[in-house]
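Sequences are here, hints too, so could you generate the full structure?
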Amino acid sequence: MRRWLTISLVVSPLACTSQNELLRDYAVGLEAQRSARYSDAESAYGRVLSAQPNFQGVHNNLAVLSAERGDLNGALREIERELAVHPTGDAVRTNHVILLLSGPEPGAARSAAEALVARGPKTPLSFLLLGLAHAHGGDPVRAAAAFEEVVTAGGDDLVAIALNARAHLRYRQGELALARTDFAAVGQRRRDAVAAHAEAICSLRLGDAEGTRAAYERATALDPNAEPVRLLGVWVALLDRDLALVESRTAELMATPTMARTARQLRALSRLELGNASGAATDLEALLEEKPEADLAFNLGLSYVALGRLVDAEGAFTEATELPGAPESARTNRDAIARLVHQH
Numbered sequence: 001m002r003r004w005l006t007i008s009l010v011v012s013p014l015a016c017t018s019q020n021e022l023l024r025d026y027a028v029g030l031e032a033q034r035s036a037r038y039s040d041a042e043s044a045y046g047r048v049l050s051a052q053p054n055f056q057g058v059h060n061n062l063a064v065l066s067a068e069r070g071d072l073n074g075a076l077r078e079i080e081r082e083l084a085v086h087p088t089g090d091a092v093r094t095n096h097v098i099l100l101l102s103g104p105e106p107g108a109a110r111s112a113a114e115a116l117v118a119r120g121p122k123t124p125l126s127f128l129l130l131g132l133a134h135a136h137g138g139d140p141v142r143a144a145a146a147f148e149e150v151v152t153a154g155g156d157d158l159v160a161i162a163l164n165a166r167a168h169l170r171y172r173q174g175e176l177a178l179a180r181t182d183f184a185a186v187g188q189r190r191r192d193a194v195a196a197h198a199e200a201i202c203s204l205r206l207g208d209a210e211g212t213r214a215a216y217e218r219a220t221a222l223d224p225n226a227e228p229v230r231l232l233g234v235w236v237a238l239l240d241r242d243l244a245l246v247e248s249r250t251a252e253l254m255a256t257p258t259m260a261r262t263a264r265q266l267r268a269l270s271r272l273e274l275g276n277a278s279g280a281a282t283d284l285e286a287l288l289e290e291k292p293e294a295d296l297a298f299n300l301g302l303s304y305v306a307l308g309r310l311v312d313a314e315g316a317f318t319e320a321t322e323l324p325g326a327p328e329s330a331r332t333n334r335d336a337i338a339r340l341v342h343q344h
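Using the numbering used here, the letters of the sequence shown correspond one by one to residues 1 to 344.
Hints are computed from structural coordinates only; laboratory data are not their basis.
Treat the hints with caution; some may be incorrect.
Unchecked claim - Here are the simulated distance ranges between beta carbons: (1) R37 to T152: 36 to 44 Å; (2) S111 to R205: 33 to 41 Å; (3) G325 to A177: 21 to 29 Å; (4) E31 to A251: 22 to 30 Å; (5) S111 to L49: 24 to 32 Å; (6) G308 to T332: 14 to 22 Å; (7) D139 to A27: 39 to 47 Å; (8) H168 to G275: 30 to 38 Å.
All of these numbers come straight from a predicted model, not from anything done at the bench.
The C-beta atom is built at its ideal place from N, Cα and C for all residues, glycine as well.
Given below as structure tokens:
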């Protein structure tokens with residue numbers, strides 16, 4: 001969001017005999033800031049503030065400068081100093097909301113965003129910020145309404161951002177079909193492998209195999225080496241029930257340390273789904289040895305059932321029930337298997 005921060009360029013006239021000198025120092029600060037010579041900019045702005053502590057725009061520019069350096073606390077201090085002496089500037093109030101959205105207090109960001117829209121300007125950016133503030137504050141209904149204002153107003157860049165934000169909001173709410181529509185709309189406005197990947201995930205969860213393949217192909221064309229896209233390729237191979245392709249794609253992924261464990265989990269699931277229960281069990285046993293997880297233990301139980309190893313299956317389902325996040329069916333399966341085992 002830092003790219004939306006605005007430097008103050010125009011200042012009001014000053015009743016000051018050294019006005020020309022101050023304006024010259026201010027201009028030097030602007031030029032240095034634009035060139036990322038931050039120390040020079042600070043020195044120039046410091047000279048201005050020494051002569052005129054309430055010089056309009058300086059604290060705003062120092063806030064932007066601090067944000068560009070990654071100093072959010074410093075940026076907030078400077079923007080609040082600017083607001084204390086010049087509280088009505090649209091750009092400054094907009095910058096304030098942007099900075100608050102990067103901070104840990106969603107309530108403060110929401111209040112500032114609501115005030116920004118209430119007093120004006122009612123621009124696509126102000127509504128976008130309001131939507132983000134409501135989303136961060138846990139109010140999806142108001143967030144979606146604000147994003148809709150942006151979409152209605154038009155303008156490709158901000159519309160794409162609003163659509164993307166609304167898509168993620170809808171995805172988290174379980175509104176997969178609506179989320180997919182928004183992700184697809186993002187892809188129509190900009191070449192975005194991430195949006196195409198997200199559209200594919202929505203289609204996958206909706207059980208739309210053709211939609212998954214089509215979105216995966218677009219994502220691959222845009223960024224074939226992206227880790228999420230490569231992982232998605234395994235799911236597409238599984239949709240095609242092509243175990244050989246699953247094996248080759250997961251083998252490639254396992255060569256990358258950051259993706260190795262996820263790739264092994266996908267291979268295990270694919271082997272289980274496509275009838276290689278023995279291979280799935282081997283993978284899952286090794287994964288559980290490294291780090292116990294409820295889903296892994298549950299799937300290991302399913303693998304053992306497929307192999308006819310009911311005693312081992314009971315143990316795996318029992319382990320799943322004892323780990324955080326266990327599916328409810330783990331207990332059901334454990335009890336059913338236990339009855340079968342003890343009948344014999």
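Here is what the structure says about each hint:
no., hint, in the structure
1, R37 to T152: 36 to 44 Å, "holds (41 Å)"
2, S111 to R205: 33 to 41 Å, "holds (35 Å)"
3, G325 to A177: 21 to 29 Å, "holds (26 Å)"
4, E31 to A251: 22 to 30 Å, "violated (54 Å)"
5, S111 to L49: 24 to 32 Å, "holds (28 Å)"
6, G308 to T332: 14 to 22 Å, "holds (20 Å)"
7, D139 to A27: 39 to 47 Å, "holds (43 Å)"
8, H168 to G275: 30 to 38 Å, "holds (36 Å)"
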